[in-house]
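Enquirer: Chains as they are written, first to last, in the working numbering: chain A, 1 to 289; chain B, 1001 to 1208.
Treat the hints loosely; a few may be bogus.
Stated by the list, open to error - Using C-beta positions, here's what the derived DEER-type ranges look like:
{"hint": "1", "chain 1": "A", "residue 1": "R283", "chain 2": "B", "residue 2": "N1134", "range": "32 to 42 Å"}
{"hint": "2", "chain 1": "A", "residue 1": "V137", "chain 2": "B", "residue 2": "E1111", "range": "33 to 43 Å"}
{"hint": "3", "chain 1": "B", "residue 1": "G1145", "chain 2": "A", "residue 2": "A41", "range": "48 to 58 Å"}
{"hint": "4", "chain 1": "B", "residue 1": "E1173", "chain 2": "A", "residue 2": "I52", "range": "39 to 49 Å"}
{"hint": "5", "chain 1": "A", "residue 1": "D14", "chain 2": "B", "residue 2": "D1031", "range": "29 to 39 Å"}
{"hint": "6", "chain 1": "B", "residue 1": "E1143", "chain 2": "A", "residue 2": "D246", "range": "47 to 57 Å"}
{"hint": "7", "chain 1": "B", "residue 1": "E1143", "chain 2": "A", "residue 2": "A54", "range": "37 to 47 Å"}
{"hint": "8", "chain 1": "A", "residue 1": "G182", "chain 2": "B", "residue 2": "E1208", "range": "51 to 61 Å"}
{"hint": "9", "chain 1": "A", "residue 1": "T147", "chain 2": "B", "residue 2": "K1102", "range": "57 to 67 Å"}
{"hint": "10", "chain 1": "B", "residue 1": "D1144", "chain 2": "A", "residue 2": "R283", "range": "46 to 56 Å"}
Unchecked claim - Covered stretches of chain B, as calculated for chain A (at least 3 residues, CB under 8 Å):
{"hint": "11", "stretch": "1015-1022"}
{"hint": "12", "stretch": "1026-1037"}
{"hint": "13", "stretch": "1044-1050"}
{"hint": "14", "stretch": "1125-1139"}
Think of the hints as simulated: they come from the structure by calculation, not from any bench.
Glycine included, C-beta positions come from ideal geometry on N, C-alpha and C.
In case you want the letters, here they are:
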Amino acid sequence: MLARRIIPCLDVKDGRVVKGVSFVNLRDAGDPVEIAKAYDAQGADELTFLDITASHEKRGIIIDVVKRTSEQVFMPLTVGGGIKSIDDIRALLKAGCDKVSINTSAVYDPRFIKAAAERFGSQCIVVAIDAKRTVPVPDAGRARQITEVSEKLPWVQDDEFRSLFFQGVDKNGLHWEVFTHGGRQPKYIDAVAWAVKMEELGAGEILLTSMDQDGQKTGYDIELTRAVSDAVSIPVIASGGVGNLDHIYEGLTEGRADAALAASIFHYKEYTIKEAKEYLKERGVPVRL
Amino acid sequence: MIAIIDYGMGNLRSVQKGFEKVGHKAGVTSDRQKILDADKVVLPGVGAFADCMNNLDRLGLADTVRKVIASGRPFMGICLGLQLLFEEGEEFGVHKGLGILKGRVVRFPAELPGNNEQIYKIPHMGWNRIKIRNRPPHLKGVEDGGFFYFVHSYYVVPQDGSIAATTTEYGLEFVSSVWKDNIFAAQFHPEKSQEQGLKILKAFGEIE
Chain A
1 MLARRIIPCL DVKDGRVVKG VSFVNLRDAG DPVEIAKAYD AQGADELTFL DITASHEKRG
61 IIIDVVKRTS EQVFMPLTVG GGIKSIDDIR ALLKAGCDKV SINTSAVYDP RFIKAAAERF
121 GSQCIVVAID AKRTVPVPDA GRARQITEVS EKLPWVQDDE FRSLFFQGVD KNGLHWEVFT
181 HGGRQPKYID AVAWAVKMEE LGAGEILLTS MDQDGQKTGY DIELTRAVSD AVSIPVIASG
241 GVGNLDHIYE GLTEGRADAA LAASIFHYKE YTIKEAKEYL KERGVPVRL
Chain B
1001 MIAIIDYGMG NLRSVQKGFE KVGHKAGVTS DRQKILDADK VVLPGVGAFA DCMNNLDRLG
1061 LADTVRKVIA SGRPFMGICL GLQLLFEEGE EFGVHKGLGI LKGRVVRFPA ELPGNNEQIY
1121 KIPHMGWNRI KIRNRPPHLK GVEDGGFFYF VHSYYVVPQD GSIAATTTEY GLEFVSSVWK
1181 DNIFAAQFHP EKSQEQGLKI LKAFGEIE
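So here's chain A without its partners, still in its complex pose:
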């Protein structure tokens, strides 16, 4: 039986891990390679680096981090952040990463996902979706929003993509919208419909982050996770909001996610990966121990 995956995520800026990581016995707790090794030893199933380096000129730094990591750690490695072109993807894969996670570039040009999947295979194209609950505006306002957003996203005028806008609301009259720029910029796109579209264009996996829950430590947005997991047939990684091990359990059971991504509960050593897996195993969730 396929094991559910536990994936620690490291935010890397200019080659250094930025959020606090409090492992003991690390020579350098800011070095992504040292931390990757520590998670490897704990039995992490995969590792994700989110490159938050602001300038595109400094992309070489993350390539070097990937190269050094792939010499030491033999598990799947995903890199996200600032990936804009086929060349960016090629450089990362060549350095030793297995999957790339694409967020903003997919929103600005959905066909980029198709081109990337055709070139490198769906298995290495992860689409990251940042979703947030919003109150939908009435029909007239919607038309205005589409006009507004089409200035930056010309593709929204294509018939193929029209259905992505405002598909419906949940029982509280809310729906999930795709945001970019760390949850600051709404794109008026329905997050569930977007996930389905990304699968259709060739994404091999969805990394789904609730911007409402991110950093709250009160658990994943289970409804969102469930809605996306049920809508697509590719694996879904739940992200945003883990504060304890029960949250991971909920995401993988009620939320039906295939994998759980978490950052702070592992970085601050509240729990080890092994403890998380033991907790899940006791409750009947298949994990690799």
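Given chain A, work out where chain B should sit, using these hints.
Expert: Relative to the frame of chain A, chain B by itself:
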């Protein structure tokens, strides 16, 4: 020296670094002569079946692989490097493979009998167990029932079931590695399977 065939598909660095980690020299190359001169050869690969086969053909490497295997030297295929050994694959239409092993490469059925505990998504992505059917020297020290990393939507169906070295359960039982004469080829990724995987790379390097 172990030659890792570079035909423009996927992450080859991890394969090379994996061998180096366990003390074997390995080089990534698309040079036909270097591949023919190597003691051992690895055909890795991720991506689409037809693309990979086209790339192999375009670089003149399809014949090189056939020659290496015919010469009796130890040969290892990984992921698509397993699938390409068979006669044909049905990914994006039916395409011819190298035809070195008899059998086909087929897609997981869209509707595998899932339940609340396990929904069978495609690709089959993540860690799954292998059941050892016929232990080759390549699996020296590898635990029966151990976890390996998989990422694929298609699997091989050998005509001769006895070449199955391991099988894996994912809605159905499929052949997750084969062993025939000097060929060992796995659907899973030893270079991404931590300790268990490195054992296979080590054992391959030690084969006489």
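Enquirer: Determine for every hint whether it applies to the structure shown.
Expert: Verification of the hints:
1. Taken as a hint, the range 32 to 42 Å holds for the pair R283 of chain A and N1134 of chain B, whose Cβ atoms sit roughly 36 Å apart.
2. Under the hint 33 to 43 Å, the C-beta atoms of V137 of chain A and E1111 of chain B, about 39 Å apart, fit the expected range.
3. Hint check: G1145 of chain B to A41 of chain A, Cβ distance near 22 Å, so the stated range 48 to 58 Å is violated.
4. For the hinted restraint 39 to 49 Å between E1173 of chain B and I52 of chain A, the CB-CB distance of approximately 43 Å keeps it satisfied.
5. For D14 of chain A and D1031 of chain B, the hinted distance range of 29 to 39 Å is satisfied, since their beta carbons lie about 37 Å from each other.
6. Distance hint check for E1143 of chain B and D246 of chain A: the Cβ-Cβ separation is about 31 Å, which falls outside the suggested range of 47 to 57 Å.
7. In this structure, E1143 of chain B and A54 of chain A meet the distance hint of 37 to 47 Å, their C-beta atoms being roughly 45 Å apart.
8. The hint said 51 to 61 Å for the Cβ distance between G182 of chain A and E1208 of chain B, and at roughly 56 Å that hint holds.
9. In this structure the hint that T147 of chain A and K1102 of chain B lie 57 to 67 Å apart at CB holds, the actual value being about 60 Å.
10. The given range of 46 to 56 Å is broken by D1144 of chain B and R283 of chain A, whose C-beta atoms sit roughly 26 Å from each other.
11. For the stretch 1015-1022 of chain B, the stated coverage by chain A is satisfied: 4 residues place a CB nearer than 8 Å to a CB of that chain, which reaches the threshold of 3.
12. Closer than 8 Å: that is the beta-carbon criterion, and the stretch 1026-1037 of chain B has 0 residues meeting it against chain A, so the requirement of 3 is violated.
13. As drawn, the stretch 1044-1050 of chain B meets chain A at 3 residues by the rule of a beta-carbon pair under 8 Å; at three or more, the given contact holds.
14. Look at the stretch 1125-1139 of chain B against chain A: 5 of its residues bring a Cβ nearer than 8 Å to a Cβ of that chain, three or more, so the hint holds.
Going through the hint list in order, the structure does not satisfy hints 3, 6, 10, 12.
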